[in-house]
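There are 2 protein chains.
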Amino acid sequence: MITLAVDAMGGDAGLTVTVPGAIAFLKKQSNVHLMMVGDEVGLQQALKSANAPMDRISIIPASQVVEMDEAPQLALKNKKDSSMRVAINQVKEGNAQAAVSAGNTGALMATARFVLKTIPGIERPAIAKFMPSSNTNHFTLMLDLGANVDCSADQLTQFAVIGSELVQAMYPEKGQPRVGLLNVGTEDIKGTETVKQTFKLLKNSKLNFIGNIEGNGVFNDQVDVVVADGFVGNIMLKTIEGAVKFMSGEIKQEFSRNVFNKLAAITALPALKGMKAKLDPRKFNGAIFLGLRGVVIKSHGGTDEVGFMYALEEAYHEAKFASLAKIEQGVAEQLAALEKVREQEALDSGASHISTP
Amino acid sequence: MITLAVDAMGGDAGLTVTVPGAIAFLKKQSNVHLMMVGDEVGLQQALKSANAPMDRISIIPASQVVEMDEAPQLALKNKKDSSMRVAINQVKEGNAQAAVSAGNTGALMATARFVLKTIPGIERPAIAKFMPSSNTNHFTLMLDLGANVDCSADQLTQFAVIGSELVQAMYPEKGQPRVGLLNVGTEDIKGTETVKQTFKLLKNSKLNFIGNIEGNGVFNDQVDVVVADGFVGNIMLKTIEGAVKFMSGEIKQEFSRNVFNKLAAITALPALKGMKAKLDPRKFNGAIFLGLRGVVIKSHGGTDEVGFMYALEEAYHEAKFASLAKIEQGVAEQLAALEKVREQEALDSGASHISTP
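Those protein sequence lines, which keep their order, are chains Y and B. Numbering-wise (this note's numbering), the first sequence opens with residue 1 and increments by one. Numbering-wise (this note's numbering), the second sequence opens with residue 1 and increments by one.
Derived from the structure by calculation, the hints contain no laboratory data. It cannot be assumed that every hint is accurate.
Pairs of lysine-lysine, DSBU-like flavour, derived with a Cα cap of 35 Å [as the list claims (entries may be wrong)]:
no.: 1; chain 1: B; residue 1: 129; chain 2: Y; residue 2: 262
no.: 2; chain 1: Y; residue 1: 278; chain 2: B; residue 2: 262
no.: 3; chain 1: B; residue 1: 117; chain 2: Y; residue 2: 245
no.: 4; chain 1: B; residue 1: 278; chain 2: B; residue 2: 252
no.: 5; chain 1: Y; residue 1: 283; chain 2: Y; residue 2: 80
no.: 6; chain 1: Y; residue 1: 273; chain 2: B; residue 2: 276
no.: 7; chain 1: Y; residue 1: 203; chain 2: Y; residue 2: 174
no.: 8; chain 1: Y; residue 1: 262; chain 2: Y; residue 2: 276
no.: 9; chain 1: B; residue 1: 129; chain 2: Y; residue 2: 200
no.: 10; chain 1: B; residue 1: 283; chain 2: Y; residue 2: 273
no.: 11; chain 1: B; residue 1: 262; chain 2: Y; residue 2: 190
no.: 12; chain 1: B; residue 1: 190; chain 2: Y; residue 2: 117
no.: 13; chain 1: B; residue 1: 27; chain 2: B; residue 2: 196
no.: 14; chain 1: Y; residue 1: 196; chain 2: B; residue 2: 190
no.: 15; chain 1: B; residue 1: 283; chain 2: Y; residue 2: 320
no.: 16; chain 1: B; residue 1: 28; chain 2: B; residue 2: 273
no.: 17; chain 1: Y; residue 1: 273; chain 2: B; residue 2: 278
no.: 18; chain 1: B; residue 1: 174; chain 2: Y; residue 2: 252
no.: 19; chain 1: B; residue 1: 28; chain 2: B; residue 2: 190
no.: 20; chain 1: Y; residue 1: 245; chain 2: B; residue 2: 252
no.: 21; chain 1: B; residue 1: 196; chain 2: B; residue 2: 252
no.: 22; chain 1: Y; residue 1: 129; chain 2: Y; residue 2: 273
no.: 23; chain 1: B; residue 1: 326; chain 2: B; residue 2: 252
no.: 24; chain 1: Y; residue 1: 129; chain 2: B; residue 2: 283
no.: 25; chain 1: Y; residue 1: 92; chain 2: Y; residue 2: 326
no.: 26; chain 1: Y; residue 1: 273; chain 2: B; residue 2: 262
Interface residues of chain Y toward chain B, partial, derived using beta-carbon atoms under 10 Å [what the hints assert, rightly or not]:
no.: 27; residue: 74
no.: 28; residue: 146
no.: 29; residue: 258
no.: 30; residue: 265
no.: 31; residue: 278
Every residue gets a Cβ at the ideal spot worked out from N, C-alpha and C, and that includes glycine.
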């Protein structure tokens, strides 16, 4: 049995999205319990009027709500009884295996980091997401998607480690995940100074590092984990969203260009619908805050109940399959191996300075 | 009459692509002359057997070819009679209004910069490209697409200036081009340190700066010029290419899922073909080397004759409409205005240090 703590007040629409989303999710997954965190009275009413299965739901009262535009540090300081904070507390205290919120991203990250702390050896958590690829059975984990705009080579390497460990924990049948470094070319010498340094670190690591990949490499079944700093990763994510929307618009336009095409659209409807369903952004809702000592999933703030349901799905799968103990052990081993390489390099470079008499 | 100098030996396929591409272009545009630069004998044979209109073509002999993987600095030093270099020389000497090459990007950039020099005030040239948007009549100029992976705020600002001046020169009917800064959010406080500095500079400039845009902003008719460093820009470009290819694959897959969809694909053929034609990457072949004292267009190295023809089209349009004198004057005015703001700021901050007695 998996228990998820839901920030019921978060997101642009709060209860009107989280409650129906939660109910849809409970219909889909049987072996799960939800802790709905937020305004007690509001929750009781919303759940009752939606005819929610109360045997699988508990209400956890929280008196405050973090606003969508509130400064993260202020939320952390002043909103200790917010639905967001109380949901994360459930994970910290072991009452729930994951927390899900559609609230303010910055506040959620700051709160999650403050309450749960990072996995030893991971300086800063990253935001990660599974992206679809040309192989229906393959998803590429992309990180960081915006938590850290300026990253050091060490941090990027940590992202690679933590991403690889998550994929391995969730999909052990796939073997050691293939890790790619997002770059402007596949040659070793490409990229910014930080990226070049990261390349060296990853090459010396015990990860299954396949080298640099370019922007189009995310869509092939070429890598399992793509590492970038949060600036590049976020721009890439938004670019993909924009490109998909743009192409969908173009399809629509083509199919309404003239009477013939409009008629064709009717017979093509099943294919067009299949296409739409496959690329429905709501299915890819649910970003993972990676590197924390606990599972926290961020739903898009403006999503609807279907999107919120998918965020709960993501939390459920991660909570069920990605054992934190296993991930922590994997991270520790990977980082220890890297440290060894570093020490050896320091010794070697030290030795090279000793002049032979 | 516009004259273009064509590096006939450049690209993965050399003459077998450049010659038919050139002939296709001459059929499309009447008021143009081509200087085909390269191996004299090979060119004569290829042009003759393709029945080329020799009254509109001249052959300019060049004895060397820059290899696709040759180090730019070596090409610059050792290949002074390369087809690439001789083509660019034609622009320098005023014999041609633009040079087009499908050759080695790094060598082409190094050679173009060495031969033509940059526009006064522009430290380094950028690679730019017009991208399609949801509005059929609107194209977004994206730069830099990979010439400069590490950029200062000053350089990014220069890219904004030069991009804006190009769009204004080519599309004066549009009024002052709208300039956007690629970022991870629309708020002023977002982004890396360099991007934040650039935001301030652009805000103080006389450009029509509309602020930060996110990755999806490229596809809307929201800006005319998008500024990013070459690392982010290149990854974005490749991501778009990958996303379009991915979506096209998904469409194909949906329309062959079952017998019904396969039949639907037949009636949908005109719409699907229209879609394919609209997003044909060959139509967007032809990257602009921007910031040089002369027009240089880079064709994709692996393109076919249709793609090469579109690169020639791009060169033709830029040579015809983007007067260098006008662009240089615009750049000088914009940079002078920026300099003034800087001086005023220096004065203000100096004044604030003077203690009142």
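The hints, checked one at a time:
1. B/129 to Y/262: The hint holds at about 33 Å.
2. Y/278 to B/262: holds, 18 Å
3. B/117 to Y/245: Violated, because 40 Å separates the two Cα atoms, which is more than 35 Å.
4. B/278 to B/252: Since the Cα atoms of residue 278 of chain B and residue 252 of chain B sit roughly 16 Å apart, the hinted pair holds (cutoff 35 Å).
5. Y/283 to Y/80: Within the cut-off at roughly 32 Å; holds.
6. Y/273 to B/276: holds, 19 Å
7. Y/203 to Y/174: This hinted pair holds, its Cα atoms lying about 21 Å apart.
8. Y/262 to Y/276: It holds: about 18 Å lies between the C-alpha atoms, which stays within 35 Å.
9. B/129 to Y/200: Holds, because 32 Å separates the two Cα atoms, which is no more than 35 Å.
10. B/283 to Y/273: OK: residue 283 of chain B and residue 273 of chain Y at ~29 Å, within 35 Å.
11. B/262 to Y/190: Violated - the C-alpha atoms of residue 190 of chain Y and residue 262 of chain B are around 44 Å apart, more than 35 Å.
12. B/190 to Y/117: holds, 25 Å
13. B/27 to B/196: violated, 48 Å
14. Y/196 to B/190: holds, 25 Å
15. B/283 to Y/320: violated, 48 Å
16. B/28 to B/273: Measuring from Cα to Cα gives roughly 22 Å; hence the hint holds.
17. Y/273 to B/278: holds, 22 Å
18. B/174 to Y/252: holds, 27 Å
19. B/28 to B/190: Given that 35 Å is the threshold and the Cα spacing comes to 46 Å, the pair is violated.
20. Y/245 to B/252: holds, 18 Å
21. B/196 to B/252: Not OK: residue 196 of chain B and residue 252 of chain B at ~43 Å, beyond 35 Å, violated.
22. Y/129 to Y/273: Holds, at about 24 Å.
23. B/326 to B/252: violated, 47 Å
24. Y/129 to B/283: Given pair residue 129 of chain Y, residue 283 of chain B holds - Cα atoms ~33 Å apart, limit 35 Å.
25. Y/92 to Y/326: holds, 17 Å
26. Y/273 to B/262: holds, 14 Å
27. 74: violated, 15 Å
28. 146: Nearest chain B Cβ about 5 Å off; hint holds.
29. 258: holds, 8 Å
30. 265: holds, 7 Å
31. 278: holds, 6 Å
Hint check: violations occur at hints 3, 11, 13, 15, 19, 21, 23, 27; the rest are consistent with the structure.
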